[in-house]
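Going down the list, the sequences are from chains A and B.
Residue numbers for the first sequence, in numbering that gives the first Met the number 0: 0 to 487.
Residue numbers for the second sequence, in numbering that gives the first Met the number 0: 0 to 101.
No lab work stands behind these hints: they were computed from the structure.
Note that beta-carbon positions come from the ideal geometry of N, C-alpha and C, so glycine has one too.
Incorrect hints may appear among the rest.
[As the list claims (entries may be wrong)] Listed next, the stretches of chain A that the computed footprint assigns to chain B, with coverage defined by at least 3 CB atoms under 8 angstroms from CB atoms of chain B:
{"#": "1", "region": "46-52"}
{"#": "2", "region": "228-242"}
{"#": "3", "region": "345-359"}
{"#": "4", "region": "371-378"}
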Amino acid sequence: MKKHFCSIENFKNWADSKSGDPGNLYSDILDRICELDKKVKAFGHLDSADILKDKAKDSAKKGFLTDVPIGIKDNICIKGRKTTCASRILEGFRPPYNAHVIDKLLDEGTFLINGANMDEFAFGSSCETSVYGPTKNPWDFDRIPGGSSGGAVAAVASSEVIAALGSDTGGSIRQPAAMCGVVGFKPTYGRVSRFGLIAFASSLDQIGPITRNVSDCARMLEVISGYDNKDSTSVNIDVPNYTESLFSEIKGMRIGVPAEYMLPEIDPGVKKRINEAIDVFKDLGAEIVEISLPHTKYAVSCYYIIAPAEASSNLARYDGVHYGHRSEQAKDLIEMYIKSRNEGFGKEAKRRILLGTYALSSGYYEAYYLKAQKVRTKISRDFKEAFKLCDCILTPTSPSTAFKIGDRIDDPIQMYLSDIFTIPANLAGLPAVSIPCGLVDNLPVGMQLMAAPFKEEDLIKCAHAFESNTEHHKICASDVNSSLETAD
Amino acid sequence: MKNNESKTNITKEVVEYVARLSRLSFEGKELEGFRQQLAGIIEYIEQLNEVDTSNVTATTHVLPSMKNVFREDEEKRSLSQDLALENAPASHNNHFTVPKII
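Only chain A is shown next, with the shape it has when bound in the complex (with noise of 0.2 angstroms):
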């Protein structure tokens, strides 16, 4: 079983070739992902014995996706199986319902591998804050994944499973899956439910796909979209046929590429490809425009404001009573609460959790969180003046390849940084999408394209488009790292 599978398709013809008993096509998919990711380590925690237990309950429900591995972030809830958030102060916590996406995945019949790694509580954007250790980046073992969904998306880019949800509060889905090499999607706010995924900042969350090709994507994106009465900020409209989108025109179609994000910071390699990229828009007959986010060097602070506020009050319920870890040395309630915290956070927790506090705080809400909500009203602005003159915005996904493990781990504004270019669709509410554009180095570069709210259709159009004319989806990590290979 060598095979390095290279989309859904591949895998269910692999998988119809292999008659008899399912239990063994199941172990056999197991047996590869607990060998591989000896060497990933994209998974957490890997539990074959739940994972297969709750495989043979399935009542066989039939789609597309029937027994496809699926990667889950640790901190999508999945009824009775350990969701950590890859955390100490969740411990050990098995939910009690399904996440909504869980639901729709399980009406597919898909085969759900849980514990994928992340950034604890999916704070940060390297996978090195995860109380399992860092994933390792499959192109090159010693650099970080991305992060926060690093795990889920190092499981895509390795062939572990052949597609994972992430979710993505400031580029958690699409920073990885660029540096990874792989196709990562954040859906508009408000497009998938987020009942059943661990609250991280809750007006930035959203779950979204992460696959090895642009039509997996539509696929798992159809799958997963939807209004859902548990989620009040779920939007109750109709999810289009993206598999449909696939194959449209974008002859005419309006790129916008704005003039702010070609920084001198990035490295010359990225913008090499990303100038490529628009190359081949133009080719297709794209007509590339001009534009200007004028907010946008602003948008780094204004969400480092934001998504710690809302975490501090959402990590408030983390005390130690109803669920999770708690101290053993406490004598009184007060001192369970501080000693249970201080306990089971790990360090970049508490800095998000001190940050937010400070910006709630009497006496500074208003010179921070609120500013830094109106700054959000005015980076929404720049966004809805800038789909008048285009369609879609392209830019690089992320400034940088993949970092090796270690280097910005002490300097929190150096990694902030890595978002800079993801976090303005999180703070404008807006579907983007990041997909590879060749290599630097032999390491992964992503483009980005970003459109109007609800506009996912375009993002899938124009993404597949150029999938479908360049060649860079085809190289994969095994190409360049032999040590992903498996035994036959």
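For chain A, the structure is supplied; the task is to place chain B on it using the hints.
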């Protein structure tokens, strides 16, 4: 970020106060580490003051189509007591147990 602490006023006392509000506590080197990092981050964030936000409404819902959602106040099934208590570090007689309060 190492040399730019001068303008902001994140003192040791401020970090201790915010930690207390957050039900966290730090001392010594750890406290000083957080103080320096917070000062650096807040210094960076203060560039927001360059933006003129007079007459700008703060974002409350990110998309204008979003409104408060109401539903009928009807009784519905919720988690059973057993399920709700399943993850509790300590429980007794269908209640969560905590250390003594007074």
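The hints, checked one at a time:
no., hint, result
1, 46-52, "violated (count 0)"
2, 228-242, "holds (count 4)"
3, 345-359, "holds (count 7)"
4, 371-378, "holds (count 7)"
Checked against the numbered hints listed earlier, the structure breaks hint 1 alone; every other hint is satisfied.
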